[in-house]
Each structure stands twice: as C-alpha cells, then as structure tokens.
Amino acid sequence: MSEDHKPTLKQEDFVALLRQYTPSERLERPRDMVREQYRILTNQPLPELNSKFARAYAVRDEQAPELSLYALVFDSNIPLRQKNIAALKDFRHPNMVALLADGIAEIGILSESRYVIILEKPAGQQLSVLLSQGRNPVSENILVNFMLRPLVEILIEFGRLGISHNRINLSNVYLGKNTVILGECISEPSGYSQDPLFEPIDRVITSPLAKADFSLASDCYAVAVLMLHLILGFKPFDKISKDALVESVLTKGSYQTLAMQWDLSDSMHDLFRGLLNEMRRERWDPESISSWISGRLFNLITPSSPVEVSRSFEFMGQPYYSRRSLAHAMFKNWQEASAVLADTKLGRWIETSVHKPEAAEVVLRLAASYNPDTVRFERANNDLIARTIIVLDPGGPIRFKNLAVTIEGISVLLAYSLLTHQQDDVQTIIQIFESDLLAFWLEQQKSGPDYSALMWKLQKIRSYIKMNALGFGPERCIYDLHPGLPCQSPFVKRYYANHLSEVLYALNIVAPQRSANDDFVDRHTAGFIASKLDIGKELRIHELDVIPNLATNPKLIGLKLLMRAQTKTDMDDLTGLGFWIAIRLFSLFDTIHRASQRRQIYNNLRDVAVSGTINDIGELFLKPEVFVADYTGFNSAVAEYKMRKAHIADLKSNNSLIRQSRMAGRGIAQTLAYSLCLATVYFTLKSYFHF
Amino acid sequence: MEEKPASAPVVNSDIPSKSKKRFWILVVICILGLVLLKMSFVFLFIGMMPAMVAYLIDHDKNKYSSSTVAALNFAGVFSYLMEIYMQGGTFEAVKERLFDANVWLVMYGAAAAGWFLVWFSPIVASVALDGIYRGRILHLETMQKKAEEEWGKQVTGHGHHEE
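So the protein lines, in turn, are chains B and L. Residue numbers for the first sequence follow the numbering used here, so the first one is 20 and each next one is one higher. Residue numbers for the second sequence follow the numbering used here, so the first one is 661 and each next one is one higher.
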C-alpha cells in the first residue's frame, strides 16, 4: 500500500495507542518501609512529635522490635535541612535522639511517595511539661554536669560538622534518668517554630522560614535560656508576648530582660552574661562554655545596654535610643517609615548623636533619592526604606515590607511561598532580588562569614527569577537553590522524583492519565530539568528560526528540554511520554498544510513514539526544511489557486465570451472575405489573360 | 501684462495634418485612377459605395467590419470593372453596366454578404468558444479541487484545512 493511500492517523488513534501502553518501570517505592528494616506504622500517629512540615508515626524495627522509634514523614514542598540530615546519619550521642535511617517510601495512607526519616523516640518527659507542674529547680551542680555538659558536647560536635540545631527549647528537650535528651532538629527549616524566648533578637525578628540555616551562636543562646529555666525550676516568661519580649530586648538587652533579676550564683550570672548577648561576635561559643564548665574564670561585665544615645530619635511619636530599635519600628510600621526619609533628620541624628558619619552619609544619600509621591514611586521608596533599615541595623535581617529575611534563609522562604501559592510573598522576594538588597546588605557587613559562594549563586538567581521563559522564573530558582527538592509538578509530585531520570520515568507513567488535558512539560518540570541540566540561557528552537512563531513555541521548548534530559540520563523506553508528546504536539502539525506530508509525518510520529526515544520525536518536529518547504509550497499553492479562480470566473462570465467571440468572429469574417476577394480577382484575371 | 492661463488646452496639431495628408493621397489616387482606368474609375467609385459607407460608420480601430465588407464588395465589383476596362473604359460601357439591375445586385449583394459575415461570424465563434471554455473550466476546477485536497481549505484563502 503506498503512503498516499494509507488511512491518515488521527489524534484519537494516538490516545488509543497510549491507553494500551503499560510502562515497564513503575517507579515503585517500598510501601511504608524504609531500608527494608523500618516499618512505618501509619495507624499509630504521634501528633506530639509532628512539625508543621512532617508527620510523625510509630516505627517497628523488623530486626529489633523492642526499640522505640518513630518516623517523620515529610511534606514534599519544603526544602529539607540536607546538611544536618547528612551529618546526623553518622552522629551518635547519648544525649540526643539518633537519626537511624532515611529514605523514600510510599506512604499507604497518603497514596504517594514521601521522604522519611527514622529516629529514636526521645526517652523521658518534655521539660516544658515538667516545668509546668510547679517549681522544681535543678541544683547548679546537676545542671552543669548532667545537663549543660552533654549539650555543650553536642554543640561542639555540631560545630565541627558545620551544622547547628536551632530547636533547643523546653518542648524539644527531654529529661530522663538525671540527664537531658535533645530532640531532633531536622523536621523543619532552621528555627521555624523556635520559641522566641530561645532565640537572639536578630533571629526573632526574622520571618520564621527565612532564618539562616547555620547558627551555632543562637544554639548557645538557647542553651543559656534553657539553663535559666532549669535552674529556676519554672517558666517565668510564660506569659510574655513576642512583641513585648522584642521590645524589652531591644530597649534593655537580653541579659537584662531574662537573667539579671534572678538571685543566682556569680558563676551562673557569668554564664548568662556570656551567652545572653545580642552581639553575635561577643557571645560565647560552645568552647567558651566548655571552658567555663571546666572552671575557667571569666571576668565578665554586664553586656552593654542597647541604648546608644542620650538624644533620642522620634518616630511616630515614640523616642528611640538605638538604631536597631528604630530599624525594627520602621519595619513594623512600613507605611509610615517613608516619612523618615522625607527630611535629613535621621541622617543628622546618626551623624551627631550616634557618631557614625559613614552610615549618616549613606542615609542622607538615600533620603535625597526619596520621592514624596508615595503612590507613583512606591516601589522605589520601598527600596529606600529597606536600605535605610539595613544601614540602621546591618546585623539584622533584610527587611522589605512584611518580610524579614537573611541571605542564607531567603531561598527556603521563596520555595515555600511559591509552593504554597503565597503570591504576595513571592512578589516581595522577587522585589528583594530585583532591588539587589542582598548585595547592599553584604556591603554593610564589616565582618562575618564569607558569603561569596552564596552571593554568586544568588546573583545567578537574580537574573533567572524574572525571566518568563520556560525553564526559568521562580520555579527554576527553587531547584537551583535546593538541589534536593523533588520536582513539584503536580504530574509527578506523588512519586517524590528528585533525579532527572525519576522525573522522566514519572512522566512516562502518568502519560495515559495526563495526556488528554495537560501539556507534557509544565513550569515546574521545565524548571527542574533546566536546573539539573544547568541551562543558563533562554531556550529557543534555532532550527526553526525561519518560522518565528515555532521558534518560541513553549511546547517545542518543552520537547527540547526533554530531549536534553533523555540524552543526559541515557534512558530509553519512554514510550508513554513519547505518545504524550505526540498527542500534545499533534496540533502543531496542523501548521503543515500538505495532506500527504502530514500523513507521512503522522505515521513516522507513531513509529518514533512507540520507540520511546524523545530525540527521534524531536527530530520530526524540529526539522525546519519540512516546515519551510510546506510554508513556501503553500504560499505558491494559494497564489496559483487564486489565479485559477480568477481565470474560471473570467471564463464563466458572458462578457468574456462575448468579447472573445466578437474578436474571433471578426477575424474569421475578415479572413473569409479576403480569401473570397482574392479568389474572385484571380479567376477574373485568369479568364482575361489566360495564365 | 496679461498672464497666460495656468493650463492652456493642448491642441494636437497632428490630427489636421494627418487628415490633410490622407486627403491629398486620395486626390492623387483619384487622379491616377482617372488617368489609368478612365471611366472605369467612376464605376469603381459607384460600386464601392457600400464599402465607403461601411468605412465611415466603422469606429473600430482595426476596421474589421469595413475591411470585410470592402473585400466582398470589391469581389462583386471587380469582374465588371475588368469588363469596362477591357472595353476601353468608355462612358458607354459604364452606362451599360449601371443600367443593368443584375450588376447592382451583384455589387451591393456582395457588400451585403460582407455585412452578413460580420454579423454571423461572432455567433459561430461564440458557439465554438463556449465549448472550449467549458472544457477549460472543467480542467481548472479539477485542479482547484486537487489543490484543496492537498493543501486543505486554507488554500482557498479562508477556513481551516481538514483531513
């Protein structure tokens, strides 16, 4: 049978073929099992060990059923504390719950794969419960030797591993057999649910998801607050609100707010003076605490009061005696904060009262750029307010409208806001990137950690975040910033696919269900693939540059991404995905006008889809000569059709027939008449002259 | 000083000069005709009157009608013209022919036949052309149909192509 006489394949034929397809790779994970040893007992939830991002269930160790274990089943839309997890897998300390195993398991009750961590169940009772029961002060000796010492040992080890806990609080520390057991620190982003009492002020005022992942200094602070509670034997700050606490710490200082008023030994006050210090650089590190435990004497003076000046700066009718408290007030009253920039008062106050001429110069320069038209210049003014706050409190987070972020923590907030569809927060983060506040914040740091690697990464994100092209935008950024994050596309989310090959397999599996209504690549799949392939430039189908609307066609760009992904992973047998692509791109061949060409392509398309090689499918679609030949051929056909149509109309019209008949008739008549005339003349002359 | 009108009507000075030229050619032809044909020329003039009338009323550029009429009119006149000429081109010979009704019938009948030809030929041509046109339309329409099948309805300049 020749190609021309074969029946033309239709989109429905491809759908029917796909329906019959059964993928060989099912991407199946062990059901409710981790490492074939730990069975997750999903019928035994442990809500007291839940976090906002992970549900806790009891676990049975098939090899040692007597062990008391539990599993944390994580939501898929939150970046994990990867570094902590990796380090804690091999970390064992009798005073901290052990992380025994991790893995991806299919959770039966959720009908999807999730990341799971198996932990030892903390023995003993939560300190918060014990302290609620009445005054049970712990003696200084027990406190130092049986509680502080092990915690400090843990922190020293954490420091060596380059991780921090950031969840040391009364609810996550357990008392058992005269010692303390520290709970896990990986169920949520660093410090997400941390009690504000147990964090230094710079972290308290930071948005919960945007805190720096590594902050051992804040662990030291938390240990001090914990020790204070244990030695007092009750919860003295139970009723203080977060705002009141912040206000008190900003105006009086942490030590003065929390510890100074208690009748404790000088030695204990030394410990609290060393740890309850807002200045990160002045705060004791775990080694200093260890030295203190060993009996080293420190001649400590009371941490200086946060009050910087005697002459206050008035903002919204309130006097402020420090730049940090003013910065916080401006952040909390964002709309009114622009008024501070309307004149030079703030700059002059910093220069004359605070005696910081460099900071004053920056603030004056910012104030000079301020535009009183707050509606038209809202964005620019927001940027100026944020910069002014950074200059006032360079040690604090970057504050912009309702968000306070650290440059280490902005990535987690971006990911979570995007994945939970909090568009306002996403837009604010995009503005922070666009305004280059991260670089400005870094410029204001006199000393501190080396952020060059992080900044290089964030600057790359800055260029990607506003790009609308497939493979870029915020979706791309979250995968660049969190390489362990599984693909969040609704197509594949249930498979917890965090490798390129897994995403391709997952797409192959879901193809029969999804092909009818969805395109094979959405923004998340595209962002994930582009991130894993490290694509830095907007993709364009250069092969089809001659046909502009095809060169930027998002479906074809999606196809190109999948082609590259398949090449990179060296996978085959993606027949399901192949058919999905064929079905969704079928309409693209509508642009091919020539029926015989289309027929041939459809047949070829079916053959390559069956082979499951996306590159072969791509070659069919990305062949410019087919489209160009069809395009030029069609244009000529249209011109010829038009010409013939005019010709037919002309032939059909009587006018033409009449005109042509008259012309032809006259010609015939003339020829006939001339012929008769000549014949007459000839025969007449012949009759006379006999020639 | 009086100004000239902005655009004075253009007079084609060629037209009168051409007419004059034609007039003098005719005069020369007439003198030559009279010298060579003598009274036969008068007979020719009278016999070719229908052709002259046809020439005057024929406004066609190519003068198809008048030339057809003239050719047949001349065919009708020529045999008598030769007779007169062979008889010496005398006035008597001319008079004899002009008094013969058959001569008039032949000369003017031939001119009338010319007019008939002018009227009838387009009708014949129309019938023949109609047949040719029908064949050509059929062929073109077949080609149009094939183009639509191959390129879809879009090739017509409107609509979407379908299988």
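Among the clues, some could well be false.
What the hints assert, rightly or not - With a straight-line cut-off of 20 Å between C-alpha atoms, the simulated EDC-like cross-links for lysine to aspartate or glutamate are:
1. LYS813(L) <-> ASP609(B)
2. LYS140(B) <-> ASP232(B)
3. LYS678(L) <-> ASP720(L)
4. LYS671(B) <-> GLU756(L)
5. LYS671(B) <-> ASP720(L)
6. LYS476(B) <-> ASP499(B)
Note that these hints are calculated values from the structure, not bench results.
So, going through the hints one by one against the coordinates:
Restraint check for LYS813(L) and ASP609(B): the C-alpha separation of about 12 Å stays at or below 20 Å, so the hint holds. Using a Cα cut-off of 20 Å, the hinted pair LYS140(B) and ASP232(B) is violated, with the two alpha carbons roughly 24 Å apart. Between LYS678(L) and ASP720(L) the CA atoms are separated by roughly 18 Å; this keeps the pair inside 20 Å, and the hint holds. This hinted pair does not check out: LYS671(B) and GLU756(L) have alpha carbons roughly 57 Å apart, beyond 20 Å.
A distance of roughly 26 Å separates the Cα atoms of LYS671(B) and ASP720(L); the hinted pair therefore is violated under the 20 Å criterion. A distance of roughly 8 Å separates the Cα atoms of LYS476(B) and ASP499(B); the hinted pair therefore holds under the 20 Å criterion.
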